[in-house]
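A.B. asks: For reference, the chains in residue letters:
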Amino acid sequence: MRFAVLTDIHANREAFEAVLADVAAHGVDRIALLGDIVGYGADPVWCCDKAAELVAAGAICVRGNHDNAAAGAAEAMSPLARRALEWTRGRLGATEVEFLAQLPLTAEAEGALFVHASANRPEEWSYVTSDTKATPSFRASTARLILCGHVHVPLLASCDMGGMVREQAFRPGLPIPLLSSRRWLAVVGSVGQPRDGVAQAGWALLDTGRGELTFRRTAYDAAGAAQKVRAAGLPEELAVRLLVGR
Amino acid sequence: MIQMRPHEGLVIDGFTLGEKLHTGGFATIWAVTHPDHDLPMVMKVPTILDGDDGPTIVGFEVEQMIMPRLTGPHVPKVLGIGGFDVMPYIVTEMIDGGSFLPVFQKAPLPLSDVIEIAARMVAAVADLHRQHVIHLDLKPENFLQRKTGEMVMVDFGLSRHDQLPDLLAEEFTIPMGTYPYIAPEQYLRCRDDLRSDLFALGAMLYALATGRNPWGTPETLRGVRRRLWRDPEPPRAIRPEIPEWLQEIILRALSVDPMRRYQTAAQMAFDLSNPQQITLTARAHKLKRDGWLQVFDRWRVMRRIRRFTAPVSVAAQVASVPIIVVAVDLSPQGERLAEVLLRAVKRMLILEPDARIACVNVIRTARIGIDQGTDDQGNNLHVLRLVQLKAWAEGIDLPDHRLTYTVLEGPDPGQAIIDYATANQVDHIMMGARGHSTTRRYLGSVSAQVVAEAHCSVTVIRLPEGRAVAAGPALPETEAAPA
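In order, the protein sequences belong to chains R and G. Residues in the first sequence are numbered consecutively from 1, following this note's numbering. Residues in the second sequence are numbered consecutively from 1, following this note's numbering.
Here chain R stands alone, though its shape is the one from the complex (with noise of 0.2 Å):
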């Protein structure tokens, strides 16, 4: 079965719109959204309601923690994105609300886990970046694969028989394969603000048959999107690092 993941969409309409068009020109058979569809960008309804649409289809959906915080919950935030929070907030209709607050922590399909941030505690959102953070999700989880997001950058880990855990090395674009004899955990670049440096939507390609998994990147207007957070009133820094990918 082949999966597109995407995760960290946060309201960039010309991102997600991309990368979508892209999946269905690398025909896949389902998709799995990871979390954070809202916050930061100018286009949460849209981004909602296009999820709710992709769920609807057949599409996996796990709750990040500004999706969490946007439907209500108490969430520690920077000061950046509490303020994009709050503009969130005062957009979204009770359908987008309704959406975002029942969709569940985790899931699994294919012996893969899809979860938004690390395995262990999913709803206390913690970073994974490196092999060393990496090391808990594996512990609370016996799946094949851990596909999470939050981080924003790319990563790829595995844990040998012996359970020792070590980051690898990966070229964007290249199949990976994810050999039996390990387990593995892929932190999936953002769709809607890459944090590496790198001005193109993130997300990857699983290919649960032949067991690989590539990461990929998209082209999109970064420049029409950073357009509308300027417009919509939001901090500017949120602009630009739509433009720089950082």
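It is worth saying that the hints were derived from the structure and are not from the lab. Cβ coordinates follow ideal geometry from the N, Cα and C atoms, glycine included. Take the hints with a grain of salt, since some may be wrong.
Take a look, some chain G residues computed to stay more than 12 Å from chain R by CB distance [as the list claims (entries may be wrong)]:
1) His34
2) Trp229
3) Asp400
Per the computed footprint, the stretches of chain R lying under chain G, defined by three or more beta-carbons under 8 Å from a beta-carbon of chain G, are [what the hints assert, rightly or not]:
4) 173–182
5) 229–239
Add chain G to chain R, keeping to what the hints say.
C.D. replies: Only chain G this time, still in chain R's reference frame:
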């Protein structure tokens, strides 16, 4: 973890184990059969000791990851892979010609055999590099031969696939490889340089030609380290009948600094098949090892060295030193076109400053009957064309060893160019195309045939006048358009 041990008669995933063919240090090899596969096959099963056997496991994981991604005649075809949960294994086709080790044990071999074997080994390595893989453990026992002649490489446990995670990178703190053949940068723990394989080829070529390894058979890392400053005995000092050009190839491949070696296997293959074109340097004439003062100077530099610069990627390295064939039409009708082609070649060298240019010209021979090697005036046509080809290339500013001239003969010039390009692993063909005559349209032109059938990129050059004529009819319409 692992549930089964291999034994004769064991059936796993449809494969039935037969006789045990080989017991190595890290694995056993078994003959196997399968009802769905009607060919002789072997199964490799790693010998995993109880408890933590990290190196063997990771090495086998690397093989399981890399081998299914390889194709072509120079690697064994993979037919099955078994996970570590039951019993790890890899099933491949059995290579009918067997191992190459016995051939090595007969070295020194007749020189014609050395050259022929070397060419086949280098071709195999070039094919592997083209697939983004550096072998990093090339040695005689890892080469098998097909009955059809192709060399097949096996044992990818230390290999590096440029586009896949390197599971071995952080696994070990000591250099990995086989001591007589390991390159200096591998000793310094670099796993990213395809030129390490060219060093190993040089060491094997040395052994085939002289009957000894260039640095003996060191058993300690200290012994391996000496090759960073100590030069080997020149092959011609051991066996005087070794031609100077072959010593040039061997010692170039064995250069300590990867930058001074061949930069790709294809370049090494080119020299092996075009020995008369090799520019001999001081190392070709060398008959003694360097004096102690020179060695001491090198030791002072090398004992501090931590790394050599590795290429950005295998693909980038393979592409950085392309072999470009320029097919030149030397007939009077082709004169103008040849000038334009020369300009195009010069421009190409600005884009590809490290390219090697192979100028070729084809003498069309009759399909049937005895060919005339001389023209009506009694001049030797072949020599004449060679002189003309050199005269044409005079304006190309390249060192001799990167500019070669070859006159081909054949009834079908297009096919001759294609065959030459294939045999020499050429990356790019540049050639001229004459105008659009009706005859050409119906009979097909040489350039069209080359474009259609060559396995590499082809650039076709036309005279600018030809384009102007073709564009002619469109002009009045443009003028007629309202301003």
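A.B. asks: Indicate, hint by hint, whether the structure satisfies it.
C.D. replies: Each hint tested on the structure:
No beta-carbon of chain R is positioned within 12 Å of the beta-carbon of His34 (chain G); the least distance is around 20 Å. Distance check for Trp229 (chain G) against chain R: the nearest CB is about 32 Å away, which clears 12 Å, and the non-interface claim stands. Under the 12 Å C-beta cut-off, the non-interface status given to Asp400 (chain G) relative to chain R holds; the minimum distance is some 38 Å. Three residues within the 8 Å Cβ limit are the bar, and the segment 173–182 of chain R against chain G gives 7, so the coverage statement holds.
Counting residues of the segment 229–239 of chain R whose beta carbon lies closer than 8 Å to any beta carbon of chain G gives 0, which falls short of the minimum of three for the stated coverage.
When held up to the earlier numbered hints, the structure conflicts with hint 5 and nothing else.
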